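Enquirer: Those protein sequence lines, which keep their order, are chains V and G.
Residues are numbered in our numbering as their position in the first sequence, beginning at 1, plus a constant of 784.
Residues are numbered in our numbering as their position in the second sequence, beginning at 1, plus a constant of 10.
Hints listed in this document are in silico derivations from the structure and should not be mistaken for laboratory results.
Predicted model only: the values in this text are computed from it and were never measured.
Ideal Cβ positions, reconstructed from N, Cα and C, are used throughout, including at glycine.
A hint or two may mislead.
Stated by the list, open to error - With a straight-line cut-off of 20 angstroms between C-alpha atoms, the simulated EDC-like cross-links for lysine to aspartate or glutamate are:
#, chain 1, residue 1, chain 2, residue 2
1, V, K955, V, D900
2, G, K30, V, E935
3, G, K206, V, D1044
Claimed, not checked - Derived DEER-like restraints, expressed as beta-carbon distance ranges:
#, chain 1, residue 1, chain 2, residue 2, range
4, V, N885, G, G62, 17 to 27 angstroms
5, G, P152, V, R1072, 28 to 38 angstroms
6, G, Q18, V, P840, 48 to 58 angstroms
7, V, S842, G, K30, 41 to 51 angstroms
8, G, D231, V, A1066, 39 to 49 angstroms
9, V, S842, G, L24, 39 to 49 angstroms
10, G, R249, V, N1070, 49 to 59 angstroms
Residue strings, one per chain:
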Amino acid sequence: MSFLRVENLCVDLKGSGDRLLRGVSLNVGAGEVMGLVGESGAGKSMIGKAILGILPRSAGVVDGVIELDGENLLALPPKVRRQRIGAKAALIPQDPLTALNPSRRIAPQITDRLVDILGWDRARANDRAREILAEVHIADPDRVLRSYPHELSGGMRQRILIASAFAAEPKLIVADEPTTALDVTVQKQILRLIRDMQARHGTALLFVTHDLGVVAKICQKMTVLYGGLVVEQTDVHGFFRAPAHPYSRALLAATPRHDDPAASLNPVPDDIIQAVRAEVAAADRNWRNG
Amino acid sequence: MADIYDVQGLRLSLADMARKPLFGAAPRHEILKGLTFRIARGEIVGIVGGSGSGKSTLGRALLRLLEPSEGRVLFEGTDITHLPESALRPYRRRIQMIFQDPMSSLNPRHRVGQIIAAPLMLHGVEGPREAALRALDEVGLPRGFAARYPHELSGGQRQRVGIARAIALRPDFILADEIVSGLDVSSQAQVLAILKDRVRDLGLTLAFISHDLSVIRRLCDRVIVLYQGQIVEDGPCDRVFADPQADYTRELLAAIPDPDPDSDWF
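Just chain G, with the same shape it has in the complex:
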């Protein structure tokens, strides 16, 4: 089985609570409007789009943190679209997520060591302590950081803890949702380099959600461009950047401020 994910006609709608009448059900707001794509094992796929394009919702549907309303999501050939939580359990260890904001996704009362070891213990991995320390090595943080609290770390270091927590479980698939958008350029570069290296050495598959095409260019093999809940472009990075087909992709590319003062950007 070469594909890790096979997504067919995925639709997802959520209740629009802002327009809910006092009595009765809230109207549904359709966020994903029929997406079809595959993710091959070992691939690094970028998912790009503006605010409200549905990119985070798509990620959450892949991880089955949200349940699709129509269509199918196959993980290694198994239909996980409507599996109940108990049946999803065995898959949970194999699909991991790194979150955008490490301040809200790392428990401020727990030390880094505990944060990384908790999911290992939950899934009954042997030697969680040692595995957590090894994960710190893998993201280039000193082992002494295991005794620190998240607030004692810089933004880039906190995101590295997020990566360590995800890779410690040796998953097959990682979803990274806007993990560098809160960082300055130098920490951004460092976090991305570490993520790419680890994904390659461990042979993982990565979906990388971002609003920044230049970051995707550097990291990903392939890019899926979302606009208002639909895929407007899907192809290898080299092709999409050299010859974008969709108007929206061209607009996104034209909006990137490249570090070049001579171009007539505005």
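Chain V extracted, bound-state conformation:
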């Protein structure tokens, strides 16, 4: 059974009524890793935000089901919904500098959630913070817990955010481009860490990225999006052997690869963009006609 089940999720920009997500459906089983890929503006981050209930004020869910552990989140009263999400899901954000409060030490930034949402006492939360930092290979957890974010390197801050996401043993983690701001050698360490933590804790992971290379290394299933519409949904091995949709094929040909420069960084042809835009427009017409 799927731990996360999203069905026909539609998100609109409030006021203008512009559609951001166009009937997205996906299932992520316990311990499974699903990649969400697409260009900027494809709606991949929006899906994660809708699931975690952190959509920007300007956007709202207008239709669909988001089922977490068999319970439709959208049918719950807001307070209960926040409590459920806080207990069962967590986020690894993209930018470790903006995600951490620069004027507070690391310790409360990890433990606040455990105390405020899950009702742990402070001592237990502190013990847990120390334990989880050790688990992400931070050699000196006590010093790091007392530090301010600016005293730590980018890779270290990203480790802290990963630790923080796993601290409450969530069953689902949304990782929103967690390695985009890092250079390749640090990216590899962080990906390995996320993969190891995910496997050890049996967490379902929704991995948002624009880099198909990263998807190939860390995901089992993947969803390709364009303009808020699901273009292709498949298992990773099948996708990289033979992407079914022309747009997916073009995206793969645009991905950099060092072993085969001719098959790499080829711009997506205009006719393919036009065809996939036509699919988006057709989806909107169908939706308007009921």
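With chain V's structure known, arrange chain G on it following the hints.
Expert: Only chain G this time, still in chain V's reference frame:
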């Protein structure tokens, strides 16, 4: 003169303000530790390295946005290492830069047309308006974009404006510092294709700074690998990728996530 740049024993140190005592001078932190290399006219050179390897500092030293502390930088045989700003003026038009973040390098209050025409007017190029429109053609943006503001453009389009601004002056040398690292793969591919085509048609020399070796592989003839302020490898791309000599180059290559799920990457 076949070489456009001849760099000899380049060292550069900056004041480490994080360790500055309350009184007295801040200790110097050496960023570039004696670099020697040449860049031939018409070459596309990639400069690669991790965060803090000194690749952006090297670029800034080539453009003399920073003054080296030791060594020499020759531009077409002229020593520009310690030239004062007034003496550098004639060279400024000939060496241009494209920046990493177009949101901070394009003035948000100016229209695209103004942004591209401003350096043309500064250098007294005739017909700046027409030259700016032609530069838009050259990067594949409609001329109507001249009336738009940077925030109305996508990330890839903004970087194309950055390219247009640099090539409009018909420079000899362009430095591109991490210009695609903020873009998604499809815009990345498009921006790189345009850059490569224009550099080739106009016969420019390009230094392309990146942390991504697979991008350099596709674009460059030659690659210089920097590690902690030193050159650990310098050679033609084909050779460096087929047979990397330095451990650090091998580590960088092994860290690239290729789109291939079957390899035992971790």
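Enquirer: For every hint, state whether the structure bears it out.
Expert: Here is what the structure says about each hint:
1. Distance check on the hinted pair: K955/V and D900/V sit about 19 angstroms apart at the alpha-carbon level, within 20 angstroms; holds.
2. A C-alpha spacing of about 16 angstroms is found between K30/G and E935/V, which places the hinted pair at or below 20 angstroms, so the restraint holds.
3. For the suggested pair K206/G and D1044/V, the alpha carbons sit about 18 angstroms apart, so the restraint of at most 20 angstroms is met.
4. A C-beta distance of roughly 25 angstroms is found between N885/V and G62/G, which places it inside the suggested range of 17 to 27 angstroms.
5. Taking 28 to 38 angstroms as the suggested C-beta distance range, the pair P152/G and R1072/V conforms, at roughly 30 angstroms.
6. For Q18/G paired with P840/V, a C-beta distance near 53 angstroms keeps the hint of 48 to 58 angstroms intact.
7. Between S842/V and K30/G, the C-beta spacing of about 44 angstroms keeps the proposed range 41 to 51 angstroms intact.
8. Between D231/G and A1066/V the CB atoms are about 45 angstroms apart, so this pair conforms to the stated range of 39 to 49 angstroms.
9. Separation of S842/V from L24/G is about 43 angstroms and conforms to the stated range, judged on CB atoms against 39 to 49 angstroms.
10. At about 55 angstroms, the beta-carbon gap between R249/G and N1070/V stays in the expected band of 49 to 59 angstroms.
Comparing the model with each numbered hint stated earlier shows that all of them hold.
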